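**Q** Using the numbering used here, you'd call the opening residue of the sequence shown number 5 and step up by one each time.
Everything labelled a hint here was simulated from the structure, so no lab data went into it.
These figures come from a predicted structure and were not determined experimentally.
Backbone N, C-alpha and C fix where the C-beta goes; we use that ideal spot for every residue, glycine too.
Cβ-Cβ distance ranges computed for the label pairs, FRET-style:
(1) Tyr7 - Glu31: 33 to 43 Å
(2) Ala8 - Tyr33: 26 to 36 Å
(3) Glu31 - Ser6: 38 to 48 Å
(4) Glu31 - Ala8: 28 to 38 Å
(5) Ser6 - Lys29: 33 to 43 Å
(6) Ile37 - Ala15: 20 to 30 Å
(7) Ala8 - Val44: 15 to 25 Å
(8) Tyr33 - Gly56: 26 to 36 Å
(9) Val42 - Tyr7: 20 to 30 Å
(10) Ser6 - Tyr33: 31 to 41 Å
(11) Gly9 - Glu31: 28 to 38 Å
(12) Ala15 - Gly56: 10 to 20 Å
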Amino acid sequence: MSYAGPILLMALAGILLGGSLSLRKSEKYAASIVLAVVAVAAFLGGVYLIYG
Numbered sequence: 005m006s007y008a009g010p011i012l013l014m015a016l017a018g019i020l021l022g023g024s025l026s027l028r029k030s031e032k033y034a035a036s037i038v039l040a041v042v043a044v045a046a047f048l049g050g051v052y053l054i055y056g
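Take these sequences, add in the hints, and give me the full structure.
**A** Below, the structure is given as structure tokens:
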């Protein structure tokens with residue numbers, strides 16, 4: 005089984021979460037929340053691909 009796809013999804017989730025925190029510091033709260041939700045979805049997608 006190849007873990008490259010799920011690992012890349014989880015790495016993308018980390019990058020998106022960092023962007024979300026950066027947007028929150030810039031007081032762009034709506035964009036920050038949307039990016040955080042996308043990051044969580046990417047992370048859960050990676051977990052699903054590994055264990056699902």
